[in-house]
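Residue strings, one per chain:
There are 4 protein chains.
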Amino acid sequence: MRDNITKQIAVVGASGYSGEELVRLLLSHPFVELAAVTSRQYAGKTVAEVFPKFSHISRAKSLRFSDPKPELLAKKSEVVFLALPHGVAADFAVPLLELGCRVIDLSADFRLKSAAAYKEFYAHEHPAPALLSQSVYGLPEIYRDEIKKASLIASPGCYPTSILLPSIPLLRNKLVNSSGIIANSLSGVSGAGRKAEAEYLFVECNESVRPYGVPRHRHLSEIEQELAFAAGTGVTIQFTPHLIPVSRGILTTLYLAPSDHFRDVNDYSGLSEKIAACFQKTYGNEPFVRLLEGNGLPDTKNVTGTNVIEIAWRLDPRTGRLVVMSAEDNLVKGASGQAVQCMNLMCGWPETAGL
Amino acid sequence: MRDNITKQIAVVGASGYSGEELVRLLLSHPFVELAAVTSRQYAGKTVAEVFPKFSHISRAKSLRFSDPKPELLAKKSEVVFLALPHGVAADFAVPLLELGCRVIDLSADFRLKSAAAYKEFYAHEHPAPALLSQSVYGLPEIYRDEIKKASLIASPGCYPTSILLPSIPLLRNKLVNSSGIIANSLSGVSGAGRKAEAEYLFVECNESVRPYGVPRHRHLSEIEQELAFAAGTGVTIQFTPHLIPVSRGILTTLYLAPSDHFRDVNDYSGLSEKIAACFQKTYGNEPFVRLLEGNGLPDTKNVTGTNVIEIAWRLDPRTGRLVVMSAEDNLVKGASGQAVQCMNLMCGWPETAGL
Amino acid sequence: MRDNITKQIAVVGASGYSGEELVRLLLSHPFVELAAVTSRQYAGKTVAEVFPKFSHISRAKSLRFSDPKPELLAKKSEVVFLALPHGVAADFAVPLLELGCRVIDLSADFRLKSAAAYKEFYAHEHPAPALLSQSVYGLPEIYRDEIKKASLIASPGCYPTSILLPSIPLLRNKLVNSSGIIANSLSGVSGAGRKAEAEYLFVECNESVRPYGVPRHRHLSEIEQELAFAAGTGVTIQFTPHLIPVSRGILTTLYLAPSDHFRDVNDYSGLSEKIAACFQKTYGNEPFVRLLEGNGLPDTKNVTGTNVIEIAWRLDPRTGRLVVMSAEDNLVKGASGQAVQCMNLMCGWPETAGL
Amino acid sequence: MRDNITKQIAVVGASGYSGEELVRLLLSHPFVELAAVTSRQYAGKTVAEVFPKFSHISRAKSLRFSDPKPELLAKKSEVVFLALPHGVAADFAVPLLELGCRVIDLSADFRLKSAAAYKEFYAHEHPAPALLSQSVYGLPEIYRDEIKKASLIASPGCYPTSILLPSIPLLRNKLVNSSGIIANSLSGVSGAGRKAEAEYLFVECNESVRPYGVPRHRHLSEIEQELAFAAGTGVTIQFTPHLIPVSRGILTTLYLAPSDHFRDVNDYSGLSEKIAACFQKTYGNEPFVRLLEGNGLPDTKNVTGTNVIEIAWRLDPRTGRLVVMSAEDNLVKGASGQAVQCMNLMCGWPETAGL
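Chains as they are written, first to last, in this note's numbering: chain G, 1116 to 1470; chain Z, 1116 to 1470; chain E, 1116 to 1470; chain B, 1116 to 1470.
Careful, some of the hints might be misleading.
Because identical chains cannot be distinguished in the list, a pair is counted as satisfied if it fits within a single copy or across any two copies.
[Unchecked claim] Only pairs whose alpha carbons sit at most 25 Å apart, straight line, appear in this in silico BS3-like list of lysine-lysine:
no. : residue 1 : residue 2
1   : K1190     : K1160
2   : K1176     : K1396
3   : K1396     : K1234
4   : K1168     : K1396
5   : K1263     : K1190
6   : K1310     : K1184
7   : K1122     : K1234
8   : K1289     : K1228
9   : K1160     : K1122
10  : K1310     : K1228
11  : K1263     : K1396
Hint data in this document are derived by calculation from the structure and do not stem from the laboratory.
Please read all numbers here as calculations on a predicted model, not as lab measurements.
This is chain G alone, in the form it adopts within the complex:
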């Protein structure tokens, strides 16, 4: 298909799980021609050879991995996805932007507005601090208008998406306190990437569940930045990630306190309706946010392979606390699907195209 709305798109670093998921989504996207995929490791091989699961798609049989060269990529593609480690992504973003490409970066390189915070959490100088002000955090439900016009998207991390979408509306509407927030998250093993490390072997993960990165995970930096924007004040949260034996999926359970207003008057009457109305107003028409009502609770198996995030909440009359739960596919809404959603917005396509 080559019509006047089809665009040429490239993926740099397509050998990891996020890159593979981007390839999956872009191969079947109605308005995309996948023009280039790069991987030093696989250069010269076809996509079908590297990922047999795509080999019934004709484009996968003809398209070969190449070495990543910004000049060639820019000639071929209007939009370039970067699925690279942090620190490396910036090296490609800078020349690609200069060559006129629009860039959607799935690494952490452009998510933080502060180069100092970047250095604090990622332990090296930011490689391109001048770009931080122009990058847009790629959470479409929050930054839709900015994304449409952006030339550089910082696609959010998987944990941040699962935490930010449920909590930002509550903070913006002052329904919950900005202090004392706790996020308890459970992630499938693909979140660790396709790294050949012993701790991610089948035998080490099967019949195992374990916390890790306690108490300071790198994703805290972007989570707290975005929560602060929503709250209008600095936010520090408690965040505990856990590894569970599923391939895909993140389940986050948030513990929030109704805002002091409600506490002070000890009047929770109407709070439940206010929360429901807040979520409904913010997300009621969002194609990828599923607000669970009635007795429903999130389940990762209901979102796996889709760009949907499920959200449910319970106001506990015994404790006065609000428990909000979300489920998403860490590789789709938590990474590549959300990046494609951003691309759709940037290109003026229907936001759900190919998703």
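Fit chains Z, E and B to the given chain G structure using the hints.
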């Protein structure tokens, strides 16, 4: 083996997962002769026929399931384990106690001191309220002396064990606040029992993680009762159980606030050492509590099949909050192993015998 | 979308795994409007309520399950899928055909040409023997032309598809003996359906692998019927199904002997090329058959969620035997995807539409 | 415990899965004092530090990994287990034997009687061919008397054990043909060892089943050697290993033809009884062989963690073929448990001690 310390032991309701685990432990216990196992469903079959995995053990080939009759059980056995649903267990406990047996009940029937609380959480009148005052909560690390002399043990639930052991020492020593406690727990599917319900089918649990019973799980009643005893004041906690795709294991992450004393003076110096000392003093010599030091974090796969509970903690300087994590096998330390530990204490055997 | 090629389609018995997969495929099919789904259990509920995973699709929110009534179905739909147990399916097929519908039956009711064989393997009289001669076995790669014109399709079982597609070309071309064939198959647990039986609980299937139905599984009847058609002579095979802890997927390993011609002259030279050529000629242009070349071997994870069957083969110089291996998703190519492929052929749509 | 029957035992190469399983078994063995464990990677660390799951065992807290030095090992230990890669094991076996130790080698180095066959299958010269004639193949049910007196045991591979125990009695008693044997095996991922390779990552193994090493796996060499000893003639078999997503367990399905005697007279009457009698006579009193009778079929979950192998068989009246199925724990009966069983025989202890 029949010597002067060997005792005859029976298990009533041995067809569920806890019952099967009791059978496993008792068949290889050095001082036990498994005298009777009952199950209406399997009456007449040998243990080896019902549980092929035990059929290399000679006693499993000779012992047949029988119908549960208190008079016969009392003739044969000094100690009787009840692995029955709540409400039913009391029907056996009453006559067995009258007939002189010592009873270790794995159901919820005798865990609560208040018949009113029982009715509130279990939705029916307590079947034998007169026994509530004499039953001992079977948490050996907390009630060792009482267990030794008890004739009726209420063996704790799997979630409560994972929450109580890490938090009781901290509450007793006033290191943490008794209010605002959050327990986020992840349980393997065996916790649901061997019930043929669609929601526990392999396909429904595999590649799935989901919260359930939010915000009011029945185990809250015994958790809050025991926390209140430790704190010396009423305690209400936030508890969220989740189902994860492992057969066995519970991982609990607790969020606690250092007690107001530390908050008021804003002086956390020394708190970390006080916590370490508190755990060390309480559990340093406990054979089944593994205090993780250094960088270790709990992992259910390190405790599966054993009676060990792993505990780790982190004081988060960013939030001032204490995160305590525990891992146990829900069927061993969370059920049958702990019950055997109680039996060992009651019979004057080494506490670790057969475990 | 309602244009001149869109058709109204119904699914009867949409609450099991095959039915759910049909709903998934039909909801996103470009030429289908899902007109009715039936389930006595779920009558009155929307598709989105029963299957939350589809609730981001608008049609799932408006379409409600109904009781299955042939007259109403026939008014609404041109093609009706039956995802019902054997014996029951015929009760719907008969009136639907009389009312002018085309029927695609996923049960075993119309797969066998012989009512006697049906009775032998399914233990009851065939409910509609007059229809056996007119039904077409829904294996598109083998019966494409017949399917296009058929009014009644008997969609093949999951095991048969995994065995027949690799072996029919070899038998038709007399490259292998029709006697002594062995099929060793491994199936994911969804193959057992959404039945609340203890043996399919997570805990019973996880960390377990086991043969079952040895030596006579019902699917043997249709496998041997179709192999006999291919061989031009009666065929009796050895078939051993096994249950493995995956949700989806069948991996079949076939053991075949090169035909006596090659054995007699003890000349295998050229046999390998003949096999490769046979597969290439038969399936080289098939969109859903992936012939693995070089070092590739089938892996269920490469076909899960797709309508593709992977096939690889090795001629063993040590034993003179041919080993052929296949992988498919038991719910897609092994059931619902293949049924949709048949629908596409029947309706004159591209064979790959919606797949 | 140090009495006159306790012996000092060492494990060389204790960091892999087989080594870890040896450590597990030896730490709780009633007559063993684990005197030394070696690992270059972990030298200096305690067993408890490397394997937290053993840290409730006091010996695990005091015993430190050391560098492997034959002189020191020989001073400390009477029996030394080698859990090393093939090719490397011989380098330790030679000096240890010279220093008077008895050696139980879990590698392939001493399993083959022919140095030429070793070179053919392992692709390098045998490192110590002079020892091949003195080593005993450590299959206690077959070579019990030889094992008792042996100074060098070649402990069998996991696949060979699952194939040899079911088939040797049938071949020895001429009940089945020695030609045309097919072994279809399914193995858990621990069979691949603790190697940090991408193909064994959780995400690559979960929801996956795949054959590998077709058609020539290294274990064929020892399988065929031992089958030939049993049959009294050369044997060539077809063997297909598959990887399935369980941590532990091997399920083998064997396809055998009743011997020509039965085929010639076309009289299978009594064959079933002869097979049952053959298995009963050979294994009826074996503590670690469970002959399944009636409707039972093997299931890996019934043997996991034990030294038991389950065996069942079906004579198929439709095909005239015999299907024999076995299940074992690849790390116990398929490796370390069987090695401990050999040690028990060598040391004159009860064969089941510690197992």
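Now for the hints, and whether the structure bears them out:
1. K1190 x K1160: Intra 21 Å, inter 52 Å, cutoff 25 Å: intra-copy only.
2. K1176 x K1396: between (45 Å within a copy, 19 Å between copies)
3. K1396 x K1234: Neither way: K1396 and K1234 sit 37 Å apart in one copy and 40 Å across, limit 25 Å.
4. K1168 x K1396: between (40 Å within a copy, 22 Å between copies)
5. K1263 x K1190: within (22 Å within a copy, 46 Å between copies)
6. K1310 x K1184: within (24 Å within a copy, 34 Å between copies)
7. K1122 x K1234: neither (36 Å within a copy, 57 Å between copies)
8. K1289 x K1228: within (24 Å within a copy, 41 Å between copies)
9. K1160 x K1122: The answer is within: 23 Å in one copy meets 25 Å, while 41 Å across copies does not.
10. K1310 x K1228: Neither way: K1310 and K1228 sit 29 Å apart in one copy and 40 Å across, limit 25 Å.
11. K1263 x K1396: Cα proximity of K1263 and K1396: one copy only (22 Å, versus 49 Å across).
In this structure, the earlier hints numbered 3, 7 and 10 are contradicted, and the remaining ones agree with it.
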